[in-house]
Structure formats: C-alpha cells, structure tokens
Amino acid sequence: MFKELGALVKGLSVTFKSMFEPKVTFQYPEQKRPVKPRYRGRHVLRRYENGLERCIGCSLCAAACPADAIFVEAAENTDEERYSPGERYAAVYEINYLRCIFCGYCEDACPTQAIVLTDQYELSFTDRWDAIYTKERLLEPVPPGARPTPQKTEPGKFVNPIPEMPDFPEWKP
Amino acid sequence: MSQQVTLTIDGKQVTVPAGWTVVDAARVANVHIPVFCYHPKLEPVGMCRMCLVEVGLPERDRATGEIVRNEDGSPKIRFFPKLQTACTTYVQEGMVIRTTTEQVARARKDILEFLLTSHPLDCPICDKGGECPLQNLTMAYGPGTSRFPYEYKLHLEKRVPLGDLIILDRERCIICGRCVRFQAEIAEDPVLSLDGRGRATYIITTSDPPFDSYWSGNTTDICPVGALTTTDFRFDARPWEMHQAASLCNLCPVGCNIMFDIRREPELGGRFAVQRVMPRQNEYVNEIWICDKGRFAAYHFAQYGERLTQPLVRENGKLRPASWREALERVAQAFREAGSGLVTLASGRLSNEDLFNLARLTDHLGGRKVLDTFLAGGEWTDKVGLGRESDLAALGEGDAILVMASDLEEEAPIFWLRVKEAAQRGATLVVANPRPTKIERHAKHVLRYVYGEEGKVWEALLAGASEAAQALARAENLVIFYGQEGLDLATSDAVARAAARLLLTTGHAGKPNSGLVAVWPRNNDQGAWDMGFRPVADLADTLRQVKALYVVAADPAGDDPHLAAALEGADFLVVQDLFLTETAQRADVVLPAQAYIERGGTYTNALRRVQRFFPAVPPPEGPQPDFAIVAALARLLDLNLEGRSTAKGFEALAAQVPAYQGLTYKDLARVEEQFPLVSREVLDYTGTAYPNGQGLGVVLPNAVERGETVAPPEAPEFPVRAFQGLLAVPITRLYDRGTLVAWSDTLAPRLPEEAWVWVAPETARDLGLQDDATARLEIGDLAYTVRVRVNPAVPGGVVLVPRSVGVVLFTPVAVHLKAVVPAS
Chain A
1 MFKELGALVK GLSVTFKSMF EPKVTFQYPE QKRPVKPRYR GRHVLRRYEN
51 GLERCIGCSL CAAACPADAI FVEAAENTDE ERYSPGERYA AVYEINYLRC
101 IFCGYCEDAC PTQAIVLTDQ YELSFTDRWD AIYTKERLLE PVPPGARPTP
151 QKTEPGKFVN PIPEMPDFPE WKP
Chain B
174 MSQQVTLTID GKQVTVPAGW TVVDAARVAN VHIPVFCYHP KLEPVGMCRM
224 CLVEVGLPER DRATGEIVRN EDGSPKIRFF PKLQTACTTY VQEGMVIRTT
274 TEQVARARKD ILEFLLTSHP LDCPICDKGG ECPLQNLTMA YGPGTSRFPY
324 EYKLHLEKRV PLGDLIILDR ERCIICGRCV RFQAEIAEDP VLSLDGRGRA
374 TYIITTSDPP FDSYWSGNTT DICPVGALTT TDFRFDARPW EMHQAASLCN
424 LCPVGCNIMF DIRREPELGG RFAVQRVMPR QNEYVNEIWI CDKGRFAAYH
474 FAQYGERLTQ PLVRENGKLR PASWREALER VAQAFREAGS GLVTLASGRL
524 SNEDLFNLAR LTDHLGGRKV LDTFLAGGEW TDKVGLGRES DLAALGEGDA
574 ILVMASDLEE EAPIFWLRVK EAAQRGATLV VANPRPTKIE RHAKHVLRYV
624 YGEEGKVWEA LLAGASEAAQ ALARAENLVI FYGQEGLDLA TSDAVARAAA
674 RLLLTTGHAG KPNSGLVAVW PRNNDQGAWD MGFRPVADLA DTLRQVKALY
724 VVAADPAGDD PHLAAALEGA DFLVVQDLFL TETAQRADVV LPAQAYIERG
774 GTYTNALRRV QRFFPAVPPP EGPQPDFAIV AALARLLDLN LEGRSTAKGF
824 EALAAQVPAY QGLTYKDLAR VEEQFPLVSR EVLDYTGTAY PNGQGLGVVL
874 PNAVERGETV APPEAPEFPV RAFQGLLAVP ITRLYDRGTL VAWSDTLAPR
924 LPEEAWVWVA PETARDLGLQ DDATARLEIG DLAYTVRVRV NPAVPGGVVL
974 VPRSVGVVLF TPVAVHLKAV VPAS
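Heads up: the protein sequence lines correspond to chains A and B, in order.
By the working numbering, the letter at position 82 of the first sequence is numbered 82, and the numbering carries on one by one without gaps.
By the working numbering, the letter at position 818 of the second sequence is numbered 991, and the numbering carries on one by one without gaps.
Keep in mind that the hints were calculated from the coordinates and are not lab data.
Mixed in with the good hints, there may be bad ones.
Covered stretches of chain B, going by a simulated chain A footprint (3 or more residues, C-beta under 8 Å) [claimed, not checked]: (1) 295 to 301; (2) 320 to 332; (3) 404 to 413.
Glycine included, every Cβ here is placed at the ideal spot set by N, Cα and C.
For reference, chain B alone in the conformation it holds in the complex (with noise of 0.2 Å):
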C-alpha cells in the first residue's frame, strides 16, 4: 500500500493514499464537490472550474520549518487567497478544504451561470435530461434565473453526427474535453479533438470513417452534458421512465458487467423490452466500460430477431408446429434408440446450469459432450487458470504479461484496456503476433513469427534463451493470453500446452495474478470446458456417425458447408436454439429457446470469474429456458435435473463440478466498495454508468489451488504443415456478421457488407490485385468472391480471412486467389 495522507474536508477527518486529487478525497469522505471536466479514470486538467473549493495548509516557520501552532497547540492553517481547483490539487498531510463557505457557493453559481450562457435548455427533448449532471449541479448549485437574453445564446447545429454510433449536439457541448481525453487516453483512438478556439470551439473527429473506435459509446455516459448521445437509444425513452436489470454481455469471454433499461415498447406490441445498454462497475472486469459491439447489439438479437415460438417436428419432411409434449416425447424416443449413440453438440453461448444440465442428460444416456468451437486448451486454464482473488489490477512493475496469437482489441477489447493498463502500471508486455496489433504499442519485447510457426516462438520461451523469455521467467506474477489469431484446434491446445508448461516450470501455477488466458470466441466457453464439453478434431466425420445428435445453441450446418453435408449422416437430428438456423432447417425437432434476457444464469468469463445475470424481459409465450427443456427432456429418460430455479441447478453444478464446490449464489452476489465510488446520485463524477449492488462474481480455483499435483506437461510437439503457396489465415474482427450481432440495426451501419481479406501489397501486386478489387478465393472444394484489402501491416504470402464475415474457414490451408476480371 502506497503513503497514506490525512486532510479535513469540511470538518471531516478523511484518509487516503497519497498522489489523490482532492476531489476523490472529497468523494471518498462524502463531500460532494461538483465536477465537469474532472473524471476519475482520466487525467485531471482543471478546464470547468466547477471544483473551486478554498484550500489551506499547515503553516511551517520559515527559519525552523516547524508547523507554527496556535494558542491551543492545533495547527495555523493559511489558506491560498483564491480559490483552487480541487481535481489539480492532490491531497496533502494537514490540508483543509472548505467547500461550504459564501466565496465557494458564488464561484459555483458563477461558473454555472457561465456555463449556461451558450447552452440550449432544451432539457425536456434532451436524452440526458434526467441523468445529466449539467441539470443536478444546476438545480443544487447555480442561480435559479438567468440573466442572459435567450437570444444571446449561440445557436449552432443540433445534429452533427459523430459516425454512425453516436450524434453531437453542438449546442449542449460544454467543451469540458472528457470525450477528447477518454479517446487519447484510455481507447487510445485520439479520433476526437477540440477545434478553434474561444467561444468558437467545437468537438470534431478526424477519423474517416469518423468516430472510428470501438470504445465510442462511452463517450455518451461520461459526457456530462447531453452532447453526445447514441444513435440506439436517440428519444427512445426518458431515464427515470426505465427500471433496470443486471446482466452480463454475452458477446465475448470478457463478460462484462451491464445493465439493462428496460420500458414497455410500442414497437413490440407494448411488451417490456429493453431500451439501452449500460455498464455496471465490475473493477475486476470491465471497471465502469463496455464496448461497442456490447452496447449496440447484446440485446437485439433476442428482442428484434425473427424467433422461434413453438417446437416444430418433421412431417413427411416438413416441420410443422407441436406442442411441447410431443415434441419431447419423439426426442426422447430417439434419445432412448441411439443410447450410446447420441451426441450433444453444445456452444458456449450457454450458461453453466444449461451445460451442466446437457452434460448430465448426456452422460446419463452414455453419449458424447461435443464443444462447438476452434480454440483448445481449456483443461490447462483449468489447471493452471488465474488463481483466486485475481485482479487484473493489480499487476504492475514486476509482473509480466504475455500476449500471444492475439488481436486482443479485436478478440475482447476489454482485455485489451486491462493488458494495456497494466502495461502503463510498469508490467513487461511480451507480444508475440505474426502481425502488428493495437496492444503492441505498450509492448517491451514483441516476437514475430510466420503463420503456423507458432511452435518456434514456444521453443526459444521455453529454452528461456531470449531477453523476453528470461523477463517473463523472472516476473513476479505472469499472465499469459492466447487467442484466435491463426490458431486452430491441433495448434491452440498446442500453444495452451506450452504456456502450461512454462507456467509451472518458472513456478507461476496456482497463485494469484498468475496464469493461462484463452481468449475464447464464446462468452461461455470456459464454464462449457468445465461441464465436460471438448471439442473434436473432426466434427464432420464425427457429425457423420452420429445416431441421434443433439444441437444446441449451435449452428454447424450455417457455419460450414461441409458439416452442413455431413449432417445428413445423422439419422436422427435435435436443435435447441432461438432461431431456425440453416441446422434447424434440416431437423427432426426444433426446440425454442429463451435468449439470455429472459432468464438467469451464470457465466465463466476467460479470467474464470463466474458471474450472474438475471432475467430482463418477459419470455414471450412458447420458449422455453434451456434448462428447463434439458430437465424436461431428462425426466421422460428417468433421469431428475433441476428444471426450474437456476439458483437450485447452480447448487447441484456446485456439488459435482470441482472447480465449482461449494459455490453458490450468494458468494456471487458479494459486492464490495470499489473505487472510483460509482453512484446513480452523484452523475458528475463517474457518469451515468451504473454502481454494481448484485455481485462482482467469483474467480475460481484452479487445480493447483484445489490441491491437485499438476505436473508441466511435456513441450508439446506442434503440427507441421507443409504449404504450397499462398496461405489463408482466419483471424478475428470484433465486427463480423456472426448471427447475434447481425440483427442489431444500430450496428448494422458498422459491420462489414461483403466478404473481404486482407494481403500484403507484394503479395497483391505478384497475384495482380489492387486494393479494393474484386478476387476468387478457392478453399479446397468452395469459392468466395471477395473483397480485396491491401494492408501493409499484414505479412506476405498469407490471406488474413475474418471469422464469420463471409468466407468459411476454421484452420489455416493453402487457398487460391484469383482477380475477378469485370464483365465489360
């Protein structure tokens, strides 16, 4: 802990460490002093003059350098002759604030009324109306009536939209900077500056496309003003109209903490629904952010996407709709025929109690836990995982961070912040990446390597040769990341094998602060991992075999032609999802689901914190939870699951799961002060982001902490590959045409119209491609046309293919690409 510093606030005795400003101190002794530009997160600059408070310290003789005391031997305070701005002044030993004096209140009212001069009032139409700390300082602090003519006032543009995302009123703007400084600073996209000067000073973006971060919705909850508002939640409805729910985003592993809006909507027949999307503090997670794609598209796919109401079952080969009776009891028939024979294909879009659920029916009938996925290597985040009490936080100098096979903006832009931040408390950030990404900026040491040799790069760690291998060994606490960039399924348990290996062997296992990440592509991979479910090298011989396959929240047939054909080998077909997938499509039975918004759960982040959501909306009439349908399902097979209360299901997961033993609900809903103090009451200081009052989840143990002898696996032998010729390499972008962010129109602007690849411009220029063009991409047996990228960061002789934009492709393959010659 660093130097603690005592001060009086107003008569109050607060202590905190040192290098405070005096405006978190004053938050933290309860004294509100109002703020603009000042946010905790950013560095302070003192530009609104709102936090002018009077402030004194000790006077010292000048001779002595003693504290001169008065008469009744208390200190002689001397107070500066001007007011200072509280968020520029940090805390000293002995300091006296005052904030309640006349002198104070008038500069309050003053710069209020200041303030007010150009702005528009038009609070009854305005989105922050409501939450908008403008409103409550004015209304607690600024004179009652103006003296300015309206007529006075600048009138400037109302709707300046900043990119597709969000829209600036210029009018509202109080320049305070927050937007400006939260780009520079924490997206570290400095796409946002302050233009001209004087009363003529304006918000601009100079990105093309503008606003061009993933981070920009942000902006909207710290902008203290209604200046920035989204394009998703424009008039949709006023604050205090909405009631909230607590809930988790289920777009990527990081699982950040949000909060639901929720007001009855016209649109869907005057239902409950949710209307916004906000953060909720989570320090050891998200802290007070969310990205964009969880902003503006975690709830549409439930609320506007086309979804299944009842279960249907095939009929001289048709689906036609039947009640839920009957179509348990065919599933259950089949189920009971195929035994040993059925497979149950799961993703981790589940939560723990539906897999666990699924495992157990699946067992009970001796068949196959199947993972739908391409990134391996969750039994070694179970074993050598982050240990209990992690915090992201915490690592700073002397702790190091490896980065490896990962875009992490791209992949889970929140683990990008938190490497990133940590990189900036003085941790070393080792990078290995075949190509250039964002977080390398913060990078010491950064290791190239070529596509599919990610098995060198492992070597010379592991030999602890080079200057990074030596700097993670020698780390306090080491954290290593891996995601999706190029891995495949033989490569990624390999690389998860590896940082295994090189975690136990430099004595980084089953501690604190310390262990394996996998970046994973679902929300829940780890908690499906944890269930029982694996992946498989060949899901299409394996689909191809089955007798009875159970699909659930899973698409194989709309991911990849290929499993699409090898479906028809199953004889007899289940899915359990909320839409008719191309799967669906070719069923036996379908079975509706409820989305995650219409029930509770829990979910395993990759930092295996489990965490709750709680259901937001009504489920329509027909669905069901996945649960639930198990249990039902299970009950016909004489088999008794927890079919109705999550909480019950999390209870028996507890007792079977070791990794879970006796966890329940209630260890999720601990919640504990976290700084900066986040309330809905004091706006001004964090913005309208939401205080976390129902749980900050759990880190689990891993197996070295369970007490279980880990021994370093042997390094791994990674699979070679011999190429001919050009190379296509999946990777991962955050904005995709993956099925739930597809149905979000607010995104819609933003995600990617046509397939496209990036190459690098040698390689463009030998295949005779020029940027922008149109090309003939062949995988083995199917073609893509696609849009050409020319990008210079990209290696040469590789094609980077996106995941879900278009093009199939799960592991890196020898490809063709031709120029599509135009038809004149």
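Excised from the complex, chain A in its bound form (with noise of 0.2 Å):
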C-alpha cells in the first residue's frame, strides 16, 4: 500500500514543481509575445523619405510567387502626377492572403525593395473579398513631412527607377 502512495506523491511532486516555475503561455491578445526578427509577416509596400512610392510596377514579386498570390497592374508616371521614381508605377497591387505562403520570394524579387515582410500576424477576414489586401491597404503611410502620392515633381529629377546601389565605387573624375 505504502508503495502506491510513494507513487501517488512522486507523481505530485511533478505537478508541484511545475507550479513554481516561469509560465510559457501568453493572454494573448492581452498579452502579446515579440516575434523574432526574421519574422515573415503580412506585407508593406515601402515609400521613400519624400513619399514617394517604391514600387515601380514591375511585377517581379508577382512572378516569383509560388502562390500566384499577387497581381499588379502597372501604369505610367508623369511629373504632374508621380507616384514612383522613374516611368512606371503599380496602379493596382493586391496580395490575396487566402493564397499567400509568406514565403518572403516576393521581397527577394523586389528590385527597390519595395515590398517587405513585416511582423503583423493578425491576419483574419470574415470575407473572402477582405483577404484581398489592395495598394491602399498595403502602402505604408507617408512619412511625417514628406506629401502624399501622386506628387507634383520638377521634371528630370526622378527618371531613375531603380535606387542607387551602394555597393559601387565612388567615383571621382
């Protein structure tokens, strides 16, 4: 008898233990856990200091998504009416996030690295269209003292879509 009650007290001493321990569950969505910095998230369309748009409208993303989650339709940019540098803009950029594997090949693709990955999860939809994310949704807003898009721009001053690239030399005549 002496024996099933040694077992009955080896048996708590476990669930006791563990009482005085540090907790691992979260009160989520009280309480929300940090997640780690590699995180792949719902997406941003990036803007530049002046508020003009990354995204150029190239559809690389669109091309490098394993999920066909992506579709952008690009129109061109004037100086009367600029969303990007250079010629080209998305007109229309939706990410449906019913299909999205957040992979993160998108953010690859991206030659101005327009769009990223963030750290929102707090991803649901009570209708299939609200897992469409338009450009609107996606952009990010414009940075404090910078003008929203389309911004009127002094002509020759943004013709270059792509940024430049800090891995070249400097380079002194």
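Hints given; two lone chains; assemble the complex.
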C-alpha cells in the first residue's frame, strides 16, 4: 500500500514543482509575444522619405510568387502626377492572403525593396474579399513632413526607377 | 531549287541553298549564333559584331587549285586569323564554322559588356523585359558583373514619342539599325534614320507627321532591346504573365495570322482581356509582319465598344430587353409569315460557319441572300482564283502581276508587301490605276486611265496589242489583283469578268500561283460569296419591298441615309450585331452576337486561303455566337443546323459547298517548317513574332481545278456614264472611321477627325479652293462639309472621297464642291 502512496507522492511532486516554474503561456490577445527578427508576417509597400512609393510596378514579386497571390497592374508616371521614381508605378497592387504562404520570395525579387514582410500576423477575415489587400491597405503611411502620392515633381529629377546601389565605388573624375 | 552547299558548323553537317548567310545556316543546324543587327528578312550589315565566329575554308594548293588534304585524307581547313561576322559571311562548300571556342566566347562577352556600358539595365520597368534578346544573350553569353560604374553610363531621354504609336527610349537603344532598315527595305517608308555619330548616334524620325508609316508596329517586334515600344501595350503587362490565343486579323481581306496575348485586366473588372496583338508567322500570308491597323485596332471594338448584352424587342415603339426565347420566337413567327419574302443581308465580317447557317436558314424559307458590299466578282474569283498550293512567295522571274484599280497599301497592306517582294524577285508588275500609288515604284508598266474608263484598259489588255498586255500573256504565272479604287458593283463585276477572260484565254486559269484576286472590302467577303450571298444592284429598292429583313453584321442605315429611309419599308426588321447600330435602333428585334475574339471559326481570305481562328477570351454573359443564334432560330422553324461546335459546322459546310469539299479543321491545322525559323526561344533571330503552331490554312481549289468546265466569259460591257462637271470617286484609305477601328484609343490620333477630299491643284483653282479650305460637297440630295486637301497626284476633274470617312459614296457620281465662306 505504501508503495502505491509513494508513487502518488512522486507524481504529485512533479505537479507541485511545476507550479513554481516560470509560465510559458501568454494571455493572447491582451498579452502579445514579440516575434523573431526575421519573422515573415503580412506585407507592407514602403515609401521613400519624400513620400514617393518605392514600388515601380515591375511585377517581379508576382512572377516570384509560388502561390500566385500577387497581382500588379502598372501605369505610367508623369511629372504632374508622380507615384514613384522613374516611368512606371503600380496602379493596382493586390495580395490575396488566402493564397499567400509567407515565403518571402516577393521580398527577394523586389528590385527596389518596396515589398517587405513585416511582423504583423493578425490576419483574420470574415469575408473572402477582405482577404485581398489592395495597394491602399498595403502602403505604409506617408512619412512625417512628406507629401502623399501622387506628387507634382520637378521635371528630370526622378528619372531613375532603381535606387542608387551602394555597392559601387565612388567615382571621382 | 538553287544550288546547295554543305558546310560544317560545330561538327554538325548542314546543307543549305547557296547565298545563305552562316547565321541562317546555323539556325537551321540548331546552332545558336547570337545576333542583334542581323535579321533574316533584312540585308545584313554587320554592325553589332555579336555574331563573330571562327570561319575556316578548305585550303587549296596555289599551283594546282586542288584541295590540300591531311594525312587521313580529310581536307585541310585553314581558319581565318581573326573572327568573322557570321551574318555577312556567306556559306561556301566545305566551310567549317566554330562557335564554341574560347576566342568566340570571349568576343561575345566583350561585345555584350561593350553594349551594356550605355544600356540602363532598367529591365524591371521595361516592356521588353522577359522577351528581350539583349537580356537573353547577356544571360547566355555575357559577363556576370559590370566593370563599369553606373555614373559612367549615358543618360538620355527615356520617353521620345516617335509618332502617336511608338515610343523610343534613347538610353536603351543599341543602334543596331534594324528599325531604320525595316522602314527602308521592307516598308519602303524611310522615315527613320540614324542621326549623329559615335556615342551620340540617335534614332530619329524624319517625316511629318512623325513615324508616318502603316508598318511602324513591326519595328517594336524586331527591336532587340526595349528601345521601341508601342503605346498600346505600354506598361500593360509583363510578357510572362500572359497566355496566348491564335487568331486572325479581321480588318481586311488579307487575313493576317495574329496572336492575342491575354491577361486579366483590372480596367474591365478583372476579366480576361486581350493586352496586345502580335504577328504569327505564316509565310503564305503575312510572313512575320502585320500592319498598324491590325496591331492597334484588331480587338478594341470587342473589348471597349459599347456592346449589346441582351436581346431587345420593340414594344409600343420602344426597344426593351427581352429573353432569348421571347426574342427568337418573335423572329421565328415573323420569318414564318414572311416566307419567301425574307431577305437576309449579311456582311463579310461573319465567319464561314455563320454564313453557311444563315444561307441554309434563308434557303429553307425560300428567302434571298444578300451580301452587303460594293465590290463584285466573287463568282469569278471562285472559278479562276489562285489555284491550290498557291504561294505569292513563289512568284518571281518570268511571272507577271497585274494590279488593277487598287491602292494596294491602303486597301490591304500585306498584299502591297507581297506584290512588291514578287516584283523585287523579278516578276513583271503591271499597275493600272488612274492615279499614282505606292506599288507603282516597282511597276514595269503603268497603265493610266481616267476614272470610269476601266473598259478601255481592258479592251487594250484583251486585244493583246500593248507591251504590257503581251508581258501578261507571255508570263508563266499571272496573278491579277483588282481592288476598290473608284469601282462600284457594276464596274467591278465587269473588271472581274474581263480579268477572268484574260486568265482563261492566256492559259493562266486552274493552276497554282496564277489567278484572280479581289481585294475585298471585308475580311470574309470571299467566304460570303462561296456560301451563296450576292450583292444586289439596287439595295434600297430591295429593302423597300421585303416582308422580313434579317440584317447580320451589317449596318445599312448607318452607311447610307437612303438605305435608312428604305428600311422603313421593311415590315419586320431583325438585326444581329455587336452594337446598337443605326440599323439596330430601327429594328423590331435586336439579337446580341459574340465578337470574333470570343468564339472560333474560319475566314476565307482574298487569296482563298481558309484559315481558322480560336476563342481568345471568355464571352460576356448574354451574347451568343452568330451561328448558334441562327441555329436556335432554325430549330424554331423546323430546320436542324449545327449550333454548338464550329468544327461540326465546318464539316456540314464542307459537305455542301463545292470548293470546301472534304475539308476539316484538321486540314486547316497543318503546319510546316517555314523559313526563317521563328521561335520564342531564339528571340534575337526573328524578334518577338510568334511561330505558327496552329495551322497555315488551306487554299481552296478553284472551279477549273475542281473539274468544272469554265468557258471564258464574253468581253464584258463596261457601264458607260456620261458625266457632267465634277466627278466624285470613292477610294479606300487604311485609316478610316469605320465602326471597328473607331473604338481603338491607340489608333485614334491617326484616324481622320473630319471628312476630307482630295482634289488636283488645277481643279482646286478652277473651283476657287485653297488647300485645307472647308468646302461644301453636294452629292444628290445630301450635302457634307469637307476639308479640301490639294494633292498633285490626283487627276483633274475629280474629287476623291475616302470611304467611311464621313461622306456616303458608293459609286462615282457627279457632284458639286463649293467653298464655304467663313462666317465673319
């Protein structure tokens, strides 16, 4: 009989010990756990400091996407109505989050680092159509002091669609 | 067949005709020699140096001329000390080419690095990205990294509109000169040129309006970089995102083989939509080219036009939407009552399957089949048209071509190209036209006549007295084109008869590469003739007397106010169309039809080649294909017609129409290897045109080949008109304001904005008119305000009136042209 009692005490001792261990559960959603630095959550379309959109509508993200979740339709910039540097911008940019597998290939493919995956993971929808994030929902807010797009810009200033690459040696004549 | 030469390319033996370049021979041997400036349809220039290869020839003994042999007996090959451009090196017997050596690889890498020093590498935003020869060749042969800082690069204008249709990016241009040479050699509109020298060489346009050519779109196909792009496709989609549907252009009787590139379009609610038109190779028809009208207007009407979406029936004087069942039952009821009082007025825009069903239904009720056209002679093109296996490319020395009453480039641009090429190969070209046209540059004999006196030309030709007549009679093969220049129904019928007589009496009927070609106003007029539709001399009179009128793909009321008035006489009017046309607005029942890009079928072109087109985009809800509507109607009238499958419909047609006997879709799908070898994998060789994997079509046998006896018709009586004063003559211009092209925003800036006429300087002087003056043109009871353009090429005493540009004119008539005094 003592043998059985011993087993009970042994078992309960584990329970008792774990009562004083630090908790691993979080009281989500009141409490939120920080994500890892390279966590891949929902996308954001970035802007430059002057408010222009980084996205040039090249569709390479859509080409890289293994789930066919991205749709891009490009249009032409003018200096009167400029959305991004260079000639081309994304008039339509949509990501279907029912399809997206958060692989991050779009981020790799982007020549202007416009599309990035963020740490936001709270994606829930009550309607299928809500799962399609349009450009307005994806674009990050205009930086403080900058103008929203479209902007009227100085002719000849934003001709290069791809930002200057930092890996070139500085050239001195 | 010309002399054959055998050479060795990278160890592969290949036999090609003498006179070929090494690049062409290598393409056939499936060895890739990269090129930028070379194009198999253009003269080689050797500008880009991309095709450098090692070239070796068998060494010959200087004294004896014998080939020096190695110890094993093989010929000793001596290689040139330096690399040669394969595009300017012609094949020779025993030649040895090496393309895989260290030296060649090094040369290619260096040339690419050199080209990229002034290329912006903005591939992500470039319309060519994904189908770009420079991109592909850089990936295949180029350096992986650049030794050239970005700041060193030339920065030039990124958006230089070369005319309304083409945009040049100076930065991307690698000065290969393909576009300049295409315009000079093939289009013969030398409106582009290279300006400046050295690093400051630019492409410029020298014409006013800029890039004034009907062929400009083709330069974007052969541009090996993204320097030339079209306004139609600018930033619309990336090439890899689109899928393809094979089709035919339906804007003229050439029937160019085209490919629609399709992708979802946000503008149209995410529907699948055509993004651009690309040429599809068919060396029998359009080679690898298409004209700008086809490229920039072939699908817009279907996609952007205000289409009918549901059947309409008239109730209390107004059209209201109705169900298909209600509309069809009402039509069937009216047709049953009309019986033989039914007239079916169809146009050559319909496919053969549609026209066949229409013909069957009309015959079933004992009605009359009327073709809406102003050009006659279809029974003669059927009897003595181009024979089986005909190929315009086979015409050359010893052959003759007569072009009668046609401004070929305006009426059917590709025919102009093919005739011109035949003349360049040595065929005798005879052009009979009242005014000079572009095709005349290559004519051996020019027969000038006065409008309305076509009969005199034929009298002389049939008498065989003149040098031109003898050249035609003597020719081994004779092709006669007759077109739309100043012809009406009666005269064109006489022209066709006279031409048929010439062909039959000189022994040119019933054999390949000889025959009669009518340059029809619509794409499938030949098919309509074959299905039994015939024009009537007095359409207004006919329309006035009908009990029930079934108008399909035609708009008589919109074409002519007199016909609109005549329609009032029809007891019951049914219109089957894409749009709510003028005629449809007067109809009792309107049936919405699908556009040709939404369904399949076949067209018979003016060379009598039957070709198939495929559904490209899903049809919108509501409209039905024409043949299906007719079949549904026929079912209500106790006639069984094929209404589901065009293949079955074509089978039924082939069983009944003599010329189409035994043909099936399988026959139309036959393809063969055509030179130059077009491939989407080797874009640098021929450009971005699509290869033909869907079928080259079949040339119908003419009546002589079918074994029917065709007696030469009597020399026809040409209608004689006694004209007093000024004569207005209808002519055809490529860019008009027709219903189909008017929906294209892309082509809109090139279309005439207002009605205009051409007059000779002396006529203008007599009438007191200045160039660019506004005048009042009175034709019978109708009057128009027109812009006068003084043109020295126009004969005196006539006003040339372009068709479908605001003035209604189907037959040459006497008119008044008066200056309009501007209101002060």
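Status of each hint after checking the structure:
{"no.": "1", "hint": "295 to 301", "in the structure": "holds (count 3)"}
{"no.": "2", "hint": "320 to 332", "in the structure": "holds (count 7)"}
{"no.": "3", "hint": "404 to 413", "in the structure": "holds (count 6)"}
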